[in-house]
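Could you build all of it, start to finish, from the sequences and the hints given here?
Here the protein sequences come in this chain order: A and B.
Letter 52 of the first sequence, counting from 1, is numbered 52 in our numbering, and no numbers are missing.
Letter 63 of the second sequence, counting from 1, is numbered 63 in our numbering, and no numbers are missing.
Calculated directly from the structure, the hints in this document are not laboratory data.
Check the hints yourself; a few may be wrong.
[What the hints assert, rightly or not] Subject to a maximum C-alpha distance of 30 Å in a straight line, what follows is the list of computed DSBU-like cross-link-like pairs (lysine-lysine): (1) B:K52 / A:K52; (2) A:K209 / A:K127; (3) A:K18 / B:K52; (4) B:K52 / A:K30.
[What the hints assert, rightly or not] Here chain A is said to cover these stretches of chain B; the calculated rule only asks that three of the stretch's residues, wherever they fall, bring their Cβ under 8 Å from a Cβ of chain A: (5) 47 to 59; (6) 167 to 177.
Only a predicted model underlies this, so the values are computations on that prediction, with no experimental measurement involved.
Idealized CB from N, CA, C, for every residue including glycine.
2 protein chains.
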Amino acid sequence: MGLIVQKYGGTSVGDAEKIKNVARRVAQTKDKGNQVVVVVSAMGDTTDELIKLAYQINDHPDERELDMLLSTGEIISCTLLAMALEAMGYEAISLSGAQAGIRTDSTYSRARIQRVDPERITRELDKGNIVIVAGFQGITDDMDITTLGRGGSDTTAVALAVSLGAGICQIYTDVEGVYTADPRIVPEARKLPEIGYEEMLELATYGAKVMHPRAVELGELFNVPILVASSFTDNPGTLIYGGVSMEVRNKVRGIAHDLDVAKITVVGVPDRPGIAASIFESLTKANISVDTIVQNASINNITDLTFTVAKSQLAKAMEVVKPIAKSIGARECVSDSKLGKVSIIGTGMQNTPGYAARMFSALSEHGINIELITTSEIRITCIIDEARVKDAVQALHRAFELEG
Amino acid sequence: MGLIVQKYGGTSVGDAEKIKNVARRVAQTKDKGNQVVVVVSAMGDTTDELIKLAYQINDHPDERELDMLLSTGEIISCTLLAMALEAMGYEAISLSGAQAGIRTDSTYSRARIQRVDPERITRELDKGNIVIVAGFQGITDDMDITTLGRGGSDTTAVALAVSLGAGICQIYTDVEGVYTADPRIVPEARKLPEIGYEEMLELATYGAKVMHPRAVELGELFNVPILVASSFTDNPGTLIYGGVSMEVRNKVRGIAHDLDVAKITVVGVPDRPGIAASIFESLTKANISVDTIVQNASINNITDLTFTVAKSQLAKAMEVVKPIAKSIGARECVSDSKLGKVSIIGTGMQNTPGYAARMFSALSEHGINIELITTSEIRITCIIDEARVKDAVQALHRAFELEG
Numbered sequence: 001m002g003l004i005v006q007k008y009g010g011t012s013v014g015d016a017e018k019i020k021n022v023a024r025r026v027a028q029t030k031d032k033g034n035q036v037v038v039v040v041s042a043m044g045d046t047t048d049e050l051i052k053l054a055y056q057i058n059d060h061p062d063e064r065e066l067d068m069l070l071s072t073g074e075i076i077s078c079t080l081l082a083m084a085l086e087a088m089g090y091e092a093i094s095l096s097g098a099q100a101g102i103r104t105d106s107t108y109s110r111a112r113i114q115r116v117d118p119e120r121i122t123r124e125l126d127k128g129n130i131v132i133v134a135g136f137q138g139i140t141d142d143m144d145i146t147t148l149g150r151g152g153s154d155t156t157a158v159a160l161a162v163s164l165g166a167g168i169c170q171i172y173t174d175v176e177g178v179y180t181a182d183p184r185i186v187p188e189a190r191k192l193p194e195i196g197y198e199e200m201l202e203l204a205t206y207g208a209k210v211m212h213p214r215a216v217e218l219g220e221l222f223n224v225p226i227l228v229a230s231s232f233t234d235n236p237g238t239l240i241y242g243g244v245s246m247e248v249r250n251k252v253r254g255i256a257h258d259l260d261v262a263k264i265t266v267v268g269v270p271d272r273p274g275i276a277a278s279i280f281e282s283l284t285k286a287n288i289s290v291d292t293i294v295q296n297a298s299i300n301n302i303t304d305l306t307f308t309v310a311k312s313q314l315a316k317a318m319e320v321v322k323p324i325a326k327s328i329g330a331r332e333c334v335s336d337s338k339l340g341k342v343s344i345i346g347t348g349m350q351n352t353p354g355y356a357a358r359m360f361s362a363l364s365e366h367g368i369n370i371e372l373i374t375t376s377e378i379r380i381t382c383i384i385d386e387a388r389v390k391d392a393v394q395a396l397h398r399a400f401e402l403e404g
Numbered sequence: 001m002g003l004i005v006q007k008y009g010g011t012s013v014g015d016a017e018k019i020k021n022v023a024r025r026v027a028q029t030k031d032k033g034n035q036v037v038v039v040v041s042a043m044g045d046t047t048d049e050l051i052k053l054a055y056q057i058n059d060h061p062d063e064r065e066l067d068m069l070l071s072t073g074e075i076i077s078c079t080l081l082a083m084a085l086e087a088m089g090y091e092a093i094s095l096s097g098a099q100a101g102i103r104t105d106s107t108y109s110r111a112r113i114q115r116v117d118p119e120r121i122t123r124e125l126d127k128g129n130i131v132i133v134a135g136f137q138g139i140t141d142d143m144d145i146t147t148l149g150r151g152g153s154d155t156t157a158v159a160l161a162v163s164l165g166a167g168i169c170q171i172y173t174d175v176e177g178v179y180t181a182d183p184r185i186v187p188e189a190r191k192l193p194e195i196g197y198e199e200m201l202e203l204a205t206y207g208a209k210v211m212h213p214r215a216v217e218l219g220e221l222f223n224v225p226i227l228v229a230s231s232f233t234d235n236p237g238t239l240i241y242g243g244v245s246m247e248v249r250n251k252v253r254g255i256a257h258d259l260d261v262a263k264i265t266v267v268g269v270p271d272r273p274g275i276a277a278s279i280f281e282s283l284t285k286a287n288i289s290v291d292t293i294v295q296n297a298s299i300n301n302i303t304d305l306t307f308t309v310a311k312s313q314l315a316k317a318m319e320v321v322k323p324i325a326k327s328i329g330a331r332e333c334v335s336d337s338k339l340g341k342v343s344i345i346g347t348g349m350q351n352t353p354g355y356a357a358r359m360f361s362a363l364s365e366h367g368i369n370i371e372l373i374t375t376s377e378i379r380i381t382c383i384i385d386e387a388r389v390k391d392a393v394q395a396l397h398r399a400f401e402l403e404g
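Here it is, written out as structure tokens:
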């Protein structure tokens with residue numbers, strides 16, 4: 001009994017039958033005496049099809065117009081889900097992001113939620129309605145429609161859970177939960193019954209595609225428990241919450257990996273203040289996300305600066321960096337697009353030595369060369385040859401005994 | 001030079017190429033130094049496809065949800081048109097019905113516009129933008145999305161022309177204008193360069209499908225000139241305005257026809273006050289539109305009551321009327337679904353005798369039997385066998401010399 005926010009992704013509402021399936025699950029939650037708010041993504045490929053249509057008309061569609069176009073996808077799925085619930089005899093109402101009070105800034109295509117005005121949702125819940133909210137979208141103070149970018153619908157769900165004071169935010173998706181590694185690569189990977197926010201954040205950021213880090217971060221900030229589970233089975237999922245860390249110290253929780261890594265090295269950079277800034281400011285202006293950055297200690301005031309980007313952004317990043325490298329007197333710019341990334345993650349690693357050594361030796365035993373290393377308090381990441389990522393994930397899963 | 005409102009229908013924006021074609025036409029209007037507001041319908045079959053999807057999920061979709069679902073169709077086409085204009089180097093912005101300030105009552109699926117708050121449109125026009133507005137939709141005071149029902153986008157266009165003080169409202173469609181009769185039936189039918197509001201209203205109401213009478217009525221009420229023309233050619237269309245009538249007295253302006261006519265006769269009705277009311281109130285409650293109503297003078301306080309409905313509504317209408325007929329002591333209910341309607345229309349008919357006689361004799365010369373007759377000040381309508389409608393239109397076009 002209480003208020004529950006549920007989110008269903010695009011594959012869960014892919015066609016009329018799947019929407020009816022989601023309606024049955026929502027109805028079960030309502031039947032248990034809960035108030036229910038449901039956030040939905042656009043059906044299956046709707047968003048991709050709308051984007052295709054836009055590009056048939058304009059090679060560089062305006063972001064405001066594109067956001068307004070894409071927002072229709074979630075409106076369609078949420079009205080259909082409301083209709084499916086009504087066909088089963090439940091009272092339901094669909095709300096656009098605007099109607100649900102999702103107020104954002106006006107950064108089109110990747111707007112940030114500024115606040116939620118939950119008055120309308122609360123009113124509909126009080127009437128006994130199941131409230132279906134279009135995910136991924138919001139509205140500016142000027143009544144312009146925005147979309148939230150990557151992880152948008154998850155973020156809508158967590159933001160609603162926060163502002164409505166929901167007891168839990170349930171993210172239903174096409175996987176069964178959070179695993180110790182990708183089960184397609186490591187068959188003995190184990191589903192975690194629970195995981196802490198920070199570990200989940202590192203897992204998500206470093207390649208586990210279950211949930212976008214942005215929504216996890218929001219959950220952590222406001223301490224909202226998030227359940228990740230399958231919309232197609234009744235198996236228990238993974239609960240992401242704050243109370244986990246202490247009980248699982250001295251443990252690696254999971255292995256994340258990512259095959260979408262390209263590397264740029266600016267060789268022979270004079271070690272002067274402002275040099276790094278000039279490079280990364282230009283990349284930001286060109287809307288290129290830089291991931292890992294490594295700069296070695298300089299010798300004779302000359303250093304090498306290496307950073308990674310998504311493979312699709314490598315060409316553009318080289319265009320931006322080359323002239324800057326020349327102007328600052330660097331020797332050359334080299335790139336490598338055949339890389340991947342593997343990370344071990346766990347709060348148990350804090351202040352505990354030996355994890356890095358075990359990781360590096362496991363990789364070396366399998367003849368896997370490490371190109372770059374970066375670490376956080378609860379994570380160690382190695383950039384390696386993309387062809388060896390699968391071997392590395394399997395080796396590390398065994399080395400840290402995650403199957404047990 | 002001035003402010004022009006243009007409206008493009010669903011066939012005019014049916015695909016990416018057609019949207020680009022509309023963009024070129026809009027751009028030409030802008031190039032002539034005008035401020036331009038464009039109203040668009042949903043692309044081609046979009047609305048029908050969304051309705052189909054809704055009915056896959058719910059046999060009786062809730063009207064509020066259906067309106068919200070359908071509203072996405074016009075959002076899609078208006079954002080794409082804005083993108084097409086931007087690709088040509090024009091500044092454009094799309095606005096939903098809500099953003100454009102189209103405020104309606106909350107009669108879902110056939111909402112009425114209560115007022116237009118044109119502040120946002122005016123602001124965008126002042127910035128130099130071409131403003132693209134999603135037709136057919138509005139918003140209630142409670143921020144719920146409504147659709148306007150039949151003739152909705154035409155009505156949006158005329159309402160915007162009224163509230164913005166536009167010099168003209170141009171309705172671009174898949175026909176070249178208003179003809180003296182349907183050119184598919186009467187090859188020598190002539191396009192009218194101009195026509196009065198009332199004549200257009202009667203033509204539209206009595207079967208000419210060029211424009212919905214509702215939008216014509218609004219234009220007449222606020223005296224906004226409306227041009228009906230083709231979106232595929234540059235031929236001059238037909239101007240609908242108030243200044244025509246005096247110059248074309250003593251003339252039939254056009255022949256309208258309609259093949260969608262079914263007739264119900266309640267035979268042997270006791271002629272008491274309230275009898276007709278009880279029948280038509282029940283039909284209204286069942287959402288059945290009654291067209292022509294004829295009641296003959298009663299003999300011995302017994303009369304026959306005849307009315308027509310659309311063919312698709314005949315079965316439902318009979319279900320409603322039969323029990324009432326029984327309860328009021330009528331003898332029986334009979335129906336005929338194989339009927340059509342032909343009308344002659346012209347303000348010149350006012351106070352001028354002889355038109356009815358000429359019409360009836362033209363029909364009789366061709367052996368066409370008249371089932372029912374109704375008239376207005378500027379129209380005479382005969383209900384006839386549907387199989388003879390084509391002959392009747394041709395005969396009347398000749399009899400009133402409309403080809404000249």
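A quick look at each hint next to the structure:
1. Using a Cα cut-off of 30 Å, the hinted pair K52 (chain B) and K52 (chain A) holds, with the two alpha carbons roughly 23 Å apart.
2. Restraint check for K209 (chain A) and K127 (chain A): not satisfied, since their Cα atoms lie roughly 37 Å apart, outside the 30 Å limit.
3. Taking the CA atoms of K18 (chain A) and K52 (chain B), the gap is about 16 Å. The hint holds against a cut of 30 Å.
4. A threshold of 30 Å between alpha carbons decides the hint, and for K52 (chain B) with K30 (chain A) the separation of about 28 Å falls inside it, so the pair holds.
5. Judged by the Cβ-Cβ criterion of 8 Å, the segment 47 to 59 of chain B is covered by chain A as claimed, because 7 of its residues qualify and three suffice.
6. Using a Cβ-Cβ cut-off of 8 Å, 0 residues of the segment 167 to 177 of chain B lie near chain A, which falls short of the minimum of three, so the contact claim is violated.
In this structure, the hints that do not hold are numbers 2 and 6, in rising order.
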